[in-house]
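Please build the complex by placing chain B on the supplied structure of chain A, with the hints as guidance.
Protein chains in written order, with the working numbering: chain A, 1 to 272; chain B, 1001 to 1333.
Rather than coming from a laboratory, the hints here were simulated on the basis of the structure.
Each residue gets a CB set at the ideal place from its N, CA and C atoms; glycine is no exception.
Take the hints with a grain of salt, since some may be wrong.
Claimed, not checked - What follows is a list of derived Cβ distance ranges for each label pair:
1. B:Pro1235 / A:Gly21: 27 to 35 Å
2. B:Thr1138 / A:Gly39: 53 to 61 Å
3. B:Leu1019 / A:Arg115: 33 to 41 Å
To be verified - Which bits of chain B does chain A cover? Going by a derived footprint, with three or more residues having C-beta under 8 Å, they are:
4. 1073-1086
5. 1164-1172
6. 1216-1226
7. 1233-1243
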Amino acid sequence: MLRAAEVTFSYHALAAPVLRGVSLDVPADGFVGILGPNGSGKTTLLRVLAGTLQPASGRVSLDTMDLSRVSRTTMARRMAVVPQDTHLAFDFTVLEVVLMGRYPHLATFEVEGPRDIAIAREALAATGTRAFEDRLFATLSGGEKQRVIIAAALAQISGSGLEPGILLLDEPTAALDLAYQLEVATLLRDLQRRTPIAIVISTHDLNFAAGLCRTLVLLKDGLVLAAGPTRKVLTAENIRALYGVEAEVQSHSGAGHLVVVPLRRVAPGTPP
Amino acid sequence: MTIRRRIAVATTGFGLLALAAVTLAPLVGSTTISLRRAFDWSVPFADNVDAQIFFVARLPRTLAGALVGAALATAGVVLQGLLRNPLATPFTLGVSSGAALGAMLAITFDWTLGIAGISAVPAAGFVGAACAVTIVYTLARAHRRGLSTDVLLLAGVTLNAFFSALILCVQYFADFADAYRTLRWLMGDLDVSSYQPLATSFPLLLVAFGVFAWLARPLNLLSLGTDSAETRGLPVTSAQRRAFFSASLATGAAVSIGGPVGFIGIIVPHLVRLIVGSDHRVVLPASALFGAAFLVGCDVLARTLMAPVEIPVGVITALIGGPFFLWLLVRKT
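Isolated chain A, as found in the complex (with noise of 0.2 Å):
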């Protein structure tokens, strides 16, 4: 549905390349996580998927069409961003801030009906924030932002038809503390449950990848390591060469999911 092909980018003409013919694919019940070491080019490939950025060479499409002829709102309709983390500039509510997520739905002037107010109190109450509707943003804690802005994405590629949506997540998890990462997981898992959503991921925790995501690519430099079904990806001479770090992978029948569990750190590329 969302594909990726061979797609090269840097920030500046001069610089080095930050993704070098990266190509990925996101099927409509897809859920990927692209996992690497900081640098390796996770955001950027993230923000290419988005749009946000265009591609040098190589192309990104949805539904077969070259992503930059889709129209900004088009786009906007289909396909969510979370980021990292969220500061906002002003103290907003949270229903404002997931009323936002329908600016690509309303005309220049128009101003949210009722129908929207219904869409992001839908969005809340799957995110689990229905009762923190009144409060300011900024009075919320790490992990009840992020479930807010997630409600925000939602409501914004709610109700216009075109389904299913595409939720990207750059490092979701990075700010929050285990119990807050855990409830991001596990809300993530149930809306890929409840609704027809694709998710995409960028993290560089290798368990919660492990736990969530049917599909891995390993960036590199910039480059693809590994890609694939995330038990086969997954592996100790993966995660050798991806950090340079030797690792135990064991399939734990408590989690029902590959746990990664990191020994020691080795030069990068030597052998077992």
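Structure of chain B alone, referenced to chain A:
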């Protein structure tokens, strides 16, 4: 409360306040006049002293206060939204100084637009303001997450110093009478003594307010950050350009009428947000109306506090705004 209702309530409330300020302010002064006699149309205007004082002597000044107050308050709101920093204002960023330099060049050298001798003062003010905003905007673009308060304040101090030096330079070349006139104006002076400066600035203000109306929702989105605004479908660059153009226009027009009156752009939006929340669709019209009422009120103080001596209104707003700004700065850090 729905957004439509919130806009209606805020506009009505602050509108009544502005209306009261504009009708009552002309009654205050060295000669006491009666509102009823001023509006008594049965007496011919030539014989109605109260009406003459009201409409000829005092109303232009009051309307000048209302227009300048509305323009500077909303320009403050727009600059704050554009730079994602609630401490941005036309005055502290040096935008007012830029406008003052432009307007002053036009006053000193008697520039006209060449069309029926229309004064070039507001247009020159706009160009000066636009230069200052361009510099700030360029700085801001280098910082994706919005301009930090430190950079913002330093940029403002630098621009203010730079434009002040040029203003002094222009003043040095002006003749004595002009120099005195512009000095008063630089302190913030609403004594326009005719409707003419209002008429020349009004078209610019009208355009600015029109763009502000379009900007209300984009400014809401921009407070989430430029990336988030863009992925919600906002054409960010064009919205930023419009914000920066219209804020310059409003500041240029306002400064050409009343000089660089300070701190309106921070006091008014802050108080308004405390009452109506942060949605720019409510904040912008409410700030325009409250800004009008506020500056008219300050001007009444300026005229009466040490009567018969008139204090420049810019001194009054600075005396209120300076401590207010410092308090915000301390509270923020």
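Going down the list of hints, with the structure as the test:
The hinted window of 27 to 35 Å between B:Pro1235 and A:Gly21 holds, with their beta carbons roughly 30 Å apart. In this structure, B:Thr1138 and A:Gly39 break the distance hint of 53 to 61 Å, their C-beta atoms being roughly 27 Å apart. In this structure, B:Leu1019 and A:Arg115 meet the distance hint of 33 to 41 Å, their C-beta atoms being roughly 36 Å apart. Check result for the segment 1073-1086 of chain B against chain A: holds, 5 residues qualifying (beta carbon to beta carbon below 8 Å, three or more required).
Using a Cβ-Cβ cut-off of 8 Å, 0 residues of the segment 1164-1172 of chain B lie near chain A, which falls short of the minimum of three, so the contact claim is violated. Here's how the segment 1216-1226 of chain B fares: 7 of its residues keep a CB closer than 8 Å to some CB of chain A, so the rule of at least three is met and the hint holds. Given a C-beta distance limit of less than 8 Å, the hint that chain A covers the segment 1233-1243 of chain B holds, as 3 residues qualify and 3 suffice.
Against the hints set out earlier in the document, violations occur for numbers 2 and 5.
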